[in-house]
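Start from the sequences and build out the full structure, keeping to the hints where you can.
Number of protein chains: 2
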Amino acid sequence: MNKIDTHPIYIEPFHVDFTGRVFLGVLGNHLLNAAGNHSQKRGWGIGALNETRHTWVLSRLSIEMMEMPRNYQHCQIRTWVESVMKLFTNRNFAVEDADGRPLGYARSVWAMIDLETRRPCDLLTLYDGDILNYVVSEEENVCPIEGHGRFRFRDAQLVRTIGTYYSDVDINGHINSIKYIEHILDLFTREQMERGIRRFEIAYKAESYMGDTLSFYLQPVSDTEADVEVRKNSTPDTPGEVVCQAKVRFN
Amino acid sequence: MNKIDTHPIYIEPFHVDFTGRVFLGVLGNHLLNAAGNHSQKRGWGIGALNETRHTWVLSRLSIEMMEMPRNYQHCQIRTWVESVMKLFTNRNFAVEDADGRPLGYARSVWAMIDLETRRPCDLLTLYDGDILNYVVSEEENVCPIEGHGRFRFRDAQLVRTIGTYYSDVDINGHINSIKYIEHILDLFTREQMERGIRRFEIAYKAESYMGDTLSFYLQPVSDTEADVEVRKNSTPDTPGEVVCQAKVRFN
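Chains F and P supply the protein sequences, listed in that same order. One point on numbering: in the working numbering, the residue at position 68 of the first sequence is 68, and numbering is uninterrupted. One point on numbering: in the working numbering, the residue at position 3 of the second sequence is 3, and numbering is uninterrupted.
Just so you know, the hints here were simulated from the structure itself, not pulled from any lab data. Treat the hints with care, as some may be off.
Same chains, same names: a pair is fine if it fits in one copy or spans any two.
Unchecked claim - Heads up, simulated DSSO-like pairs for lysine-lysine below, C-alpha to C-alpha not over 30 angstroms straight-line:
#1 205 - 232
#2 232 - 179
#3 232 - 3
#4 86 - 179
#5 41 - 232
#6 86 - 41
#7 179 - 205
What follows is the structure, given as structure tokens:
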């Protein structure tokens with residue numbers, strides 16, 4: 001079996017923003033679907049894993065786009081496993097137009113957890129290390145964007161606190177990974193969003209649940225870059241646990 | 001050309017709620033896409049209309065489901081024009097599983113407006129009444145659910161006020177029709193949403209824009225039914241203009 005899958009996507013009218021470019025959250029959803037299909041076909045999907053009481057957990061996602069797909073555009077996502085370590089695997093993506101011209105790339109990091117203990121598993125021994133069969137060669141691993149960066153929050157300011165409701169929650173009862181992206185981008189002005197996003201990074205640190213409040217702390221880095229930290233159930237005295245951290249770079 | 005189109009849909013993992021059933025907003029989005037494709041193919045789509053400076057505006061949508069599509073399910077939407085009046089057209093939908101077994105139905109009402117005057121157009125004379133060629137026969141028009149009801153708000157209570165942000169806005173700069181559905185369903189409890197939605201009706205009354213505040217007024221009708229009125233930019237003294245009204249019936 002080929003190690004790289006090509007997953008066609010189509011940009012629907014309600015999935016584009018006021019500039020006609022696809023919402024980054026929608027693109028993120030397409031990436032996660034492409035990843036899910038790729039694993040599923042190779043026996044590593046959520047369905048197969050549930051039988052052995054394991055599941056994938058997304059830890060990092062970095063997306064960098066030269067050009068955002070636009071309304072009604074047919075595109076494709078290619079995805080593959082870059083590498084496997086004991087507790088994490090790196091999966092990369094290329095976003096291309098229908099002719100295979102690159103529009104952008106993404107990198108992601110995943111852990112596999114045991115559903116009962118919620119502890120990470122050893123990917124190198126699970127299923128006799130079968131996942132190693134899907135790691136691509138160095139030549140095939142074309143993903144010319146920076147790796148995941150580090151976050152340093154020094155003077156982030158609380159800018160918004162929101163409740164979480166029915167529409168925020170996924171099938172596991174957790175706030176959906178994509179909804180954090182939407183809520184984070186909702187912090188920015190119309191002018192910033194008009195410029196469009198060049199790069200977006202997110203690190204998922206802890207789960208949150210329906211009914212949790214999420215507080216958003218914004219730290220501008222430069223004219224074109226800002227970091228955001230999301231904490232849950234902060235009180236006036238104490239910032240709550242960090243749920244995720246993100247970096248947004250505008251064009 | 002056949003008057004009824006069949007539009008395949010697939011229920012993706014991040015598009016289902018904590019019960020594993022598709023979010024009603026996502027289903028609504030699929031219905032609108034099916035409608036868009038159906039019009040487009042017959043020369044009545046947004047693209048063609050923009051050239052003549054007209055566009056479709058959704059006025060009513062009522063969805064009634066015997067069974068909600070579930071995670072990973074392949075389904076299809078059939079859609080057709082039921083009737084055309086001077087200022088409105090009725091479009092119906094059947095939601096079916098991949099074998100054509102009905103899961104539910106929907107009805108919708110659309111107006112066509114002139115983009116410059118924002119006034120409704122006469123559908124019976126536009127393009128020499130071409131749309132009349134697509135009205136199905138009575139036998140083909142199988143949509144065994146009630147028509148759109150009337151709303152009567154007497155003692156609705158303000159239950160939530162929210163801001164509107166980047167993710168709420170569509171390509172026209174308006175709050176997206178589907179986002180209202182999400183925000184309305186977010187008013188309900190986990191227990192109500194667990195039962196699932198049997199019928200949902202919405203009447204769109206006015207546009208709102210990024211930055212508008214939306215106030216949600218809830219009027220319980222019975223144990224299994226509630227009405228919601230959404231107003232924009234209400235002040236403590238004066239309820240704002242009505243943006244939309246909805247009725248939710250739970251299983």
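Quick rundown of the hints versus the structure:
no.	hint	verdict
1	205 - 232	within (11 angstroms within a copy, 36 angstroms between copies)
2	232 - 179	both (14 angstroms within a copy, 24 angstroms between copies)
3	232 - 3	neither (39 angstroms within a copy, 51 angstroms between copies)
4	86 - 179	within (29 angstroms within a copy, 41 angstroms between copies)
5	41 - 232	neither (36 angstroms within a copy, 47 angstroms between copies)
6	86 - 41	within (22 angstroms within a copy, 52 angstroms between copies)
7	179 - 205	both (15 angstroms within a copy, 28 angstroms between copies)
In this structure, the hints that do not hold are numbers 3 and 5, in rising order.
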